[in-house]
Amino acid sequence: MLVELDGFKQNEGILVIGATNFPEQLDKALARPGRFDRHVVIDRSRRTVTNIGISRVKGILLLLWKNVSKANNVDVKIIARRTARFFSADFANLVNVAAMDSAKAASMHGFDYALKRTFGK
Numbered sequence: 001m002l003v004e005l006d007g008f009k010q011n012e013g014i015l016v017i018g019a020t021n022f023p024e025q026l027d028k029a030l031a032r033p034g035r036f037d038r039h040v041v042i043d044r045s046r047r048t049v050t051n052i053g054i055s056r057v058k059g060i061l062l063l064l065w066k067n068v069s070k071a072n073n074v075d076v077k078i079i080a081r082r083t084a085r086f087f088s089a090d091f092a093n094l095v096n097v098a099a100m101d102s103a104k105a106a107s108m109h110g111f112d113y114a115l116k117r118t119f120g121k
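Note that the sequence shown covers residues 1 to 121 in the UniProt record's numbering.
Source of the hints: derived by calculation from the structure; they are not laboratory data. Keep in mind that a hint or two might mislead.
Unchecked claim - Lysine to any residue pairs mimicking SDA-like chemistry, simulated, CA-CA at most 20 Å apart: (1) 116 to 100; (2) 77 to 88; (3) 116 to 67; (4) 121 to 82; (5) 28 to 13.
Claimed, not checked - Distance ranges between label pairs, derived from CB positions: (6) 120 to 18: 22 to 32 Å; (7) 42 to 63: 32 to 42 Å; (8) 93 to 54: 31 to 41 Å; (9) 31 to 59: 42 to 52 Å.
In this text, all values refer to a predicted model and were calculated from it rather than measured experimentally. Virtual Cβ for every residue (Gly too), placed ideally from N, Cα, C.
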């Protein structure tokens, strides 16, 4: 990637945007001036939790697990409250880990396990 970034000429009118969920793991050479001149941090802790936000989270979760078998004890409202500050990729990961842990049907225990294992919550 470093070689590709160095290959762009300044006047070609190309804007390169990079994104990561783990900025602390980036190679310092990748983020130095001249490669990525602007750094924008979107901090999930600043996201506010509202009833509208919880409803949107419920919708995202329901969409992601429409093809996942769930146990009767799965309470989408509880999960939505616990994950209100998550990003889309976090939700997909949560559903996948919960489904894998539960083998047959994603259960509330599976979601608790997934939250603790993946996000420390």
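Hint-by-hint comparison with the structure:
no., hint, in the structure
1, 116 to 100, "14 Å, holds"
2, 77 to 88, "17 Å, holds"
3, 116 to 67, "23 Å, violated"
4, 121 to 82, "8 Å, holds"
5, 28 to 13, "25 Å, violated"
6, 120 to 18: 22 to 32 Å, "26 Å, holds"
7, 42 to 63: 32 to 42 Å, "22 Å, violated"
8, 93 to 54: 31 to 41 Å, "20 Å, violated"
9, 31 to 59: 42 to 52 Å, "35 Å, violated"
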